[in-house]
Amino acid sequence: MNTPSNLKYAKSDEWFDPATGKVGITDFAQSQLSDIVFVEILVEEGEDITAGKPIASVESVKASAEIYAPASGKVSKVNQGVVEKPELINSDPFGEAWLIQLDGGTAGDLMDSSAYEADSASRAH
Amino acid sequence: MATIIEPTIFELSSAGRRGVRMPASDVPVVDSLPQHLLRSELPLPEIAEVDVVRHYVNLSKLNYSVDSGFYPLGSCTMKYNPKINEDTCRYPGFLFSHPLQPIETVQGNLALMYELQEWLKEISGFAGVTLQPAAGAHGEYTGVLMMAAYHKLRGDSKRIKMLIPDAAHGTNPASVGMMGMQVVTIPSDDRGNVDLKALEAACDDTVVGMMLTNPNTLGMFDENVEKVISLIHGCGGLMYGDGANLNALLGIVRPGDLGFDVMHFNLHKTFSVPHGGGGPGCGPVGVSKTLLDFLPTPLVGILEEGNDEEAPFYGFVTPPNSIGRMKAFHGHFGGGMVRAYTYIAMHGPDGLKDIAQYAVLNANYLQAKVRGHYKIPFDRICMHEFVAEGRFEGSDVRALDVSKRLMDYGFHPPTNYFPLIVPEALMIEPTETENKDTLDKFADALIKIAEEAKTQPELLHNAPSTTKFGRMDEVKAARELVLCCWLPENVELN
Amino acid sequence: MTFIPISPHERDEMLATVGVKSLDDLFDAVPKKHRFPKLNLPPALTEMEAAAHLSDMASSNENVQQDLVSFLGAGAYNHYVPSVIDHMLRRGEFYTAYTPYQPEISQGTLQAVFEFQSLMANLTGMDVSNASHYDGATATAEAINLAYAQYRGKRTRIVVSPALHPQYRDVIDTYTQGMGVETVGDEETNLTLSPESLSSYIDDNTMIVIVQYPDFLGRIFDYKKLIDDAHAKGALVCVVANPTALLMLKTPADMGADIVVGEAQPFGIPMWYGGPYLGFFTTKKSYVHKMAGRLVGETIDVRGQRSYVLTLTAREQHIKRERATSNICTNQGLLALAASIYMSVLGKQGLSEVANLCYQKAHYAANELSKLKGFKLFSSEPFFHEFTLQCPKPASEVNQYLLDHGILGGYDLGNDYPELKNHLLIAVTEMNSKDEIDALVEVLKEM
Numbered sequence: 001m002n003t004p005s006n007l008k009y010a011k012s013d014e015w016f017d018p019a020t021g022k023v024g025i026t027d028f029a030q031s032q033l034s035d036i037v038f039v040e041i042l043v044e045e046g047e048d049i050t051a052g053k054p055i056a057s058v059e060s061v062k063a064s065a066e067i068y069a070p071a072s073g074k075v076s077k078v079n080q081g082v083v084e085k086p087e088l089i090n091s092d093p094f095g096e097a098w099l100i101q102l103d104g105g106t107a108g109d110l111m112d113s114s115a116y117e118a119d120s121a122s123r124a125h
Numbered sequence: 001m002a003t004i005i006e007p008t009i010f011e012l013s014s015a016g017r018r019g020v021r022m023p024a025s026d027v028p029v030v031d032s033l034p035q036h037l038l039r040s041e042l043p044l045p046e047i048a049e050v051d052v053v054r055h056y057v058n059l060s061k062l063n064y065s066v067d068s069g070f071y072p073l074g075s076c077t078m079k080y081n082p083k084i085n086e087d088t089c090r091y092p093g094f095l096f097s098h099p100l101q102p103i104e105t106v107q108g109n110l111a112l113m114y115e116l117q118e119w120l121k122e123i124s125g126f127a128g129v130t131l132q133p134a135a136g137a138h139g140e141y142t143g144v145l146m147m148a149a150y151h152k153l154r155g156d157s158k159r160i161k162m163l164i165p166d167a168a169h170g171t172n173p174a175s176v177g178m179m180g181m182q183v184v185t186i187p188s189d190d191r192g193n194v195d196l197k198a199l200e201a202a203c204d205d206t207v208v209g210m211m212l213t214n215p216n217t218l219g220m221f222d223e224n225v226e227k228v229i230s231l232i233h234g235c236g237g238l239m240y241g242d243g244a245n246l247n248a249l250l251g252i253v254r255p256g257d258l259g260f261d262v263m264h265f266n267l268h269k270t271f272s273v274p275h276g277g278g279g280p281g282c283g284p285v286g287v288s289k290t291l292l293d294f295l296p297t298p299l300v301g302i303l304e305e306g307n308d309e310e311a312p313f314y315g316f317v318t319p320p321n322s323i324g325r326m327k328a329f330h331g332h333f334g335g336g337m338v339r340a341y342t343y344i345a346m347h348g349p350d351g352l353k354d355i356a357q358y359a360v361l362n363a364n365y366l367q368a369k370v371r372g373h374y375k376i377p378f379d380r381i382c383m384h385e386f387v388a389e390g391r392f393e394g395s396d397v398r399a400l401d402v403s404k405r406l407m408d409y410g411f412h413p414p415t416n417y418f419p420l421i422v423p424e425a426l427m428i429e430p431t432e433t434e435n436k437d438t439l440d441k442f443a444d445a446l447i448k449i450a451e452e453a454k455t456q457p458e459l460l461h462n463a464p465s466t467t468k469f470g471r472m473d474e475v476k477a478a479r480e481l482v483l484c485c486w487l488p489e490n491v492e493l494n
Numbered sequence: 001m002t003f004i005p006i007s008p009h010e011r012d013e014m015l016a017t018v019g020v021k022s023l024d025d026l027f028d029a030v031p032k033k034h035r036f037p038k039l040n041l042p043p044a045l046t047e048m049e050a051a052a053h054l055s056d057m058a059s060s061n062e063n064v065q066q067d068l069v070s071f072l073g074a075g076a077y078n079h080y081v082p083s084v085i086d087h088m089l090r091r092g093e094f095y096t097a098y099t100p101y102q103p104e105i106s107q108g109t110l111q112a113v114f115e116f117q118s119l120m121a122n123l124t125g126m127d128v129s130n131a132s133h134y135d136g137a138t139a140t141a142e143a144i145n146l147a148y149a150q151y152r153g154k155r156t157r158i159v160v161s162p163a164l165h166p167q168y169r170d171v172i173d174t175y176t177q178g179m180g181v182e183t184v185g186d187e188e189t190n191l192t193l194s195p196e197s198l199s200s201y202i203d204d205n206t207m208i209v210i211v212q213y214p215d216f217l218g219r220i221f222d223y224k225k226l227i228d229d230a231h232a233k234g235a236l237v238c239v240v241a242n243p244t245a246l247l248m249l250k251t252p253a254d255m256g257a258d259i260v261v262g263e264a265q266p267f268g269i270p271m272w273y274g275g276p277y278l279g280f281f282t283t284k285k286s287y288v289h290k291m292a293g294r295l296v297g298e299t300i301d302v303r304g305q306r307s308y309v310l311t312l313t314a315r316e317q318h319i320k321r322e323r324a325t326s327n328i329c330t331n332q333g334l335l336a337l338a339a340s341i342y343m344s345v346l347g348k349q350g351l352s353e354v355a356n357l358c359y360q361k362a363h364y365a366a367n368e369l370s371k372l373k374g375f376k377l378f379s380s381e382p383f384f385h386e387f388t389l390q391c392p393k394p395a396s397e398v399n400q401y402l403l404d405h406g407i408l409g410g411y412d413l414g415n416d417y418p419e420l421k422n423h424l425l426i427a428v429t430e431m432n433s434k435d436e437i438d439a440l441v442e443v444l445k446e447m
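Protein chains in written order, with this note's numbering: chain A, 1 to 125; chain B, 1 to 494; chain C, 1 to 447.
Next comes chain A alone, as it looks inside the complex:
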């Protein structure tokens, strides 16, 4: 399981990049969901959001999950690429499959990579 150390992580399996303001879901989350077939982004560019708010909904062949904002801020960009190719979440969760980008995002209550690794390992089945 990949867990880049430059990112911050939410217990609900989202990542936040303090450097770029990008938000996505983790490698662990995509592996639990398995093959993602649908992504819907629930927020719009220009919208102010607070950490904990649902920002996206993803569906795999067998599961469905709400994605929550790991940080607060103004949505500067929504990634249409991942909406068009949901399978990117499986292949590149920390790269091409970012969901939204925040302008001046303030992280919520987030973990660093080692804490997240330990937390997700305890939830793996």
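In case anyone wonders, no lab produced these hints; they're calculated from the structure.
Bear in mind the structure is a predicted one, so any value in this text is a computation, not a measurement.
Some hints here could point you the wrong way.
To be verified - Over 10 Å on every C-beta distance to chain A, these chain B residues come out as not near it, computed from the model:
#: 1; residue: SER25
#: 2; residue: VAL30
#: 3; residue: TYR80
#: 4; residue: LYS375
#: 5; residue: GLU474
To be verified - Derived lysine-lysine pairs resembling DSSO-like cross-links, with alpha carbons at most 27 Å apart:
#: 6; chain 1: C; residue 1: LYS290; chain 2: A; residue 2: LYS85
#: 7; chain 1: B; residue 1: LYS369; chain 2: A; residue 2: LYS85
#: 8; chain 1: C; residue 1: LYS38; chain 2: A; residue 2: LYS77
#: 9; chain 1: C; residue 1: LYS285; chain 2: C; residue 2: LYS224
#: 10; chain 1: B; residue 1: LYS197; chain 2: B; residue 2: LYS158
#: 11; chain 1: B; residue 1: LYS289; chain 2: C; residue 2: LYS284
#: 12; chain 1: C; residue 1: LYS21; chain 2: B; residue 2: LYS436
#: 13; chain 1: C; residue 1: LYS284; chain 2: A; residue 2: LYS62
#: 14; chain 1: C; residue 1: LYS290; chain 2: A; residue 2: LYS53
#: 15; chain 1: C; residue 1: LYS233; chain 2: B; residue 2: LYS476
#: 16; chain 1: C; residue 1: LYS21; chain 2: B; residue 2: LYS441
#: 17; chain 1: C; residue 1: LYS32; chain 2: B; residue 2: LYS227
#: 18; chain 1: A; residue 1: LYS53; chain 2: B; residue 2: LYS158
#: 19; chain 1: C; residue 1: LYS21; chain 2: B; residue 2: LYS375
#: 20; chain 1: C; residue 1: LYS32; chain 2: B; residue 2: LYS121
#: 21; chain 1: C; residue 1: LYS21; chain 2: B; residue 2: LYS197
#: 22; chain 1: B; residue 1: LYS83; chain 2: B; residue 2: LYS61
#: 23; chain 1: B; residue 1: LYS289; chain 2: C; residue 2: LYS32
#: 24; chain 1: C; residue 1: LYS233; chain 2: A; residue 2: LYS77
#: 25; chain 1: B; residue 1: LYS289; chain 2: C; residue 2: LYS285
#: 26; chain 1: C; residue 1: LYS290; chain 2: B; residue 2: LYS227
#: 27; chain 1: C; residue 1: LYS285; chain 2: A; residue 2: LYS85
#: 28; chain 1: B; residue 1: LYS448; chain 2: B; residue 2: LYS369
#: 29; chain 1: B; residue 1: LYS121; chain 2: C; residue 2: LYS38
#: 30; chain 1: C; residue 1: LYS21; chain 2: A; residue 2: LYS77
#: 31; chain 1: A; residue 1: LYS62; chain 2: C; residue 2: LYS290
#: 32; chain 1: C; residue 1: LYS21; chain 2: A; residue 2: LYS85
#: 33; chain 1: B; residue 1: LYS476; chain 2: C; residue 2: LYS290
#: 34; chain 1: B; residue 1: LYS476; chain 2: C; residue 2: LYS285
#: 35; chain 1: B; residue 1: LYS468; chain 2: A; residue 2: LYS62
#: 36; chain 1: B; residue 1: LYS375; chain 2: A; residue 2: LYS62
#: 37; chain 1: C; residue 1: LYS154; chain 2: B; residue 2: LYS158
#: 38; chain 1: A; residue 1: LYS77; chain 2: C; residue 2: LYS290
Ideal Cβ placement from N, Cα and C applies to all residues, glycine included.
Chains B and C: place on chain A using the hints.
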């Protein structure tokens, strides 16, 4: 290109072929509609009757069904569907009556509906029954709407939470979601009952009510059901019963007597209406006195009492605070009500009790046979079904593999991965219409598969191997989304 | 013990295996004071007695095949059902199976549903169809659920034509009780207004506009202008269509509709006193993730064989639970099969003949009836197989007179539109012979 086992009806089509013909018109010809209102083409198949028959017969042979074998799909009550039902529901008086005919011309239909309402009331202990809902989920929505209307009429606007046990069917929270209410999940305790402590903590004046399946989806009758109901009533909430598992309770206990305020029936489970490959169902709803005035419209009532010589005169009535209409017309009369009526009429009070007793006996017998070979997380006397875990120490075999392997032994698999609170769940409901030999063979197959899981797991991973089709690529289906056989992008794919 | 195949001897063996003494001992968890109630139900009938009893009940109805000549439609239609359909429906492999959760042993049902989806999409001109809804009314309500989900609850206005089936409007009212939405447009009492008059209700908060085609009064309108107006405001449009009429008429897709739903009872399903029928639901591919209901998609199995599975199931209640668009689970599987066989066995030609017969006979009837003194057509708009007839007295009186003469008249529009209390909605199908139509005209002439 993929191998084609049976062509689609479109692939069987050939321009100029004819099936059933219509007679020539016997009225003078009139002008057609203006061109701009007419469709330019009608892209539907052209095919001869014999080929239509062969196509559908071929398709039918690709199905497993109750008529062909044991179908222990948990929570679905796949019992034998008596053949007489198929005759009675097609009697011309039923088949050819229009739903908007004047009531004096359809007294037979109305008498049947009235009696069925009365019978369901008697069986369940409720004060009123609507026959209108089309299926179980539709009945649930009906019930949730009535619960909301009850609180609204009392001006009790704070109530927005519905308590739902973690073992519940997905339709329960979905019905609540449609009403914009919040779902509060209540855990189960280690005996498979509702966790009373958690329930107590959740009970306050924001609670609409609780939706409880009893027996629950673990097949357990909640040992504290009266306490659960009194907690809900104590905080001003209403108690919804999901009647999916009513087969276990016929003549055993009446949900209305236990204090439930509302419950849906699944006539296609409990009362032998066939499942039809996914419907139609029929989901009447019973209510206690508390909710009587909120039932959907219309109900069948007696407009003029009968006497020794004259039958009563039946018609439609609307309850004073009715939530309104749940569907067009009166519900699934022909396909649902007539069959269920026939079935209940052929059982009587003792016959109904037999159903529940033998359904429960069969489930407990199977449970006893497979105990020791499969982990049974909630191991006590079950009701009409039980849940086992399809996983084994030191093996990567999963419930899905067990299920697929069962097909190789000629059985329909149990329900998989439900309830969600049991890992690798196999939910097994034999029903009362299976004999001991079948149950023994099924248990033997399950036991053999448990052995194979340890010794030859690849047999399970590669199963089914003896059926016409192997496992499907579900990812491809969801990603490529070919949903029609006629779209241009489809043609490219082939 | 009617259908229970266990002998007393086997029962005792099984009880011993379980470890209890009697059947009653299996129910110790049930509160004692409520255990084993005495049910006050009639004693069991044998099959022979049940058949006779049900036959008596059925015969006490007057049915439209043997007793009455019918011109009643209004959402349920008397059409010919080809013999093949029931022969196929009575195959136990179809009717005693359940939802195809296990695709390896359910390809019959899955392919049949896939073909149904294809047939309905081709009929309506839309991209995709689901596996069915309970009926036309609930399919219409589910169109609202789709629109509500599409706009994530941010748009809350529903514009409904007053000429949508009154019971469908009732169901919309019931279904939307908890959604915090408003329904407008249907309170309009001037039924002679053009469909474009609905445009004035469409605003930036409108999620969906719902019209019927032909409308409840039988009129055929081209909704293109209305649909363009709705789209200009970002609203979706749902057209509730009669499938028999679609065999002849321009498709709603051609007018730009986003969702086309309706009641497919006319396609091979008996009238059965109102159900079970078959709601169909078709839409554009872009809305497929917000569409409720089951969906079958094509794929291949591990052996490279073309096959079919339930797909996009994560949209549905069993996975998405309270976040699902709808709670629908069981739908109308067997009746979707009936409609598919209907379309297949009549085929392109036979179906066109059905539509043409309906059209010709209805127009003959309308022509003849409007020649009668005091009777005239309510509208000069084009119609298909149903039309509104203005009568010289209340429709209820006309219907009673007709019934006395063995004729099931039209639908009394005064039930729903007080201003139309002298109006009958008359349906004529291929089942009505010229003699029957002439008899209707004769009886009314003498009234």
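**Item:** LYS38/C paired with LYS77/A [C-alpha distance capped at 27 Å]
**Value:** 68 Å, violated
**Prompt:** Taken at face value, is the distance from the CA of LYS85/A to the CA of LYS369/B at most 27 Å?
**Reply:** 49 Å, violated
**Item:** Hinted pair LYS290/C and LYS227/B, Cα distance within 27 Å
**Value:** At roughly 40 Å apart (the allowed maximum being 27 Å), LYS227/B and LYS290/C break the hint.
**Asked** Given the hint that LYS21/C pairs with LYS197/B, does the C-alpha gap stay at or below 27 Å?
**Response** 34 Å, violated
**Request:** Would you mind confirming whether the straight-line C-alpha gap from LYS289/B to LYS32/C stays at or under 27 Å?
**Result:** 23 Å, holds
**Message:** Can you confirm whether the C-alpha distance between LYS21/C and LYS85/A stays at or below 27 Å?
**Reply:** 62 Å, violated
**Request:** Mind checking the alpha carbons of LYS448/B and LYS369/B for me, to see if they're no more than 27 Å apart?
**Result:** 12 Å, holds
**Message:** Does LYS284/C sit within 27 Å of LYS289/B, going by the straight-line distance between their CA atoms?
**Reply:** 46 Å, violated
**Prompt:** Is the Cα-Cα distance between LYS121/B and LYS38/C 27 Å or less?
**Reply:** This hinted pair holds, its Cα atoms lying about 13 Å apart.
**Asked** Taking C-beta pairs only, is VAL30/B more than 10 Å away from all of chain A?
**Response** Per Cβ check, VAL30/B is outside 10 Å of chain A; nearest 50 Å; holds.
**Given hint LYS290/C paired with LYS77/A - CA-CA distance at most 27 Å** = 24 Å, holds
**Request:** Compare the distance between the alpha carbons of LYS468/B and LYS62/A with 27 Å, and conclude whether the hinted pair is satisfied.
**Result:** 24 Å, holds
In this structure, the hints that do not hold are numbers 5, 7, 8, 11, 15, 21, 25, 26, 30 and 32, in rising order.
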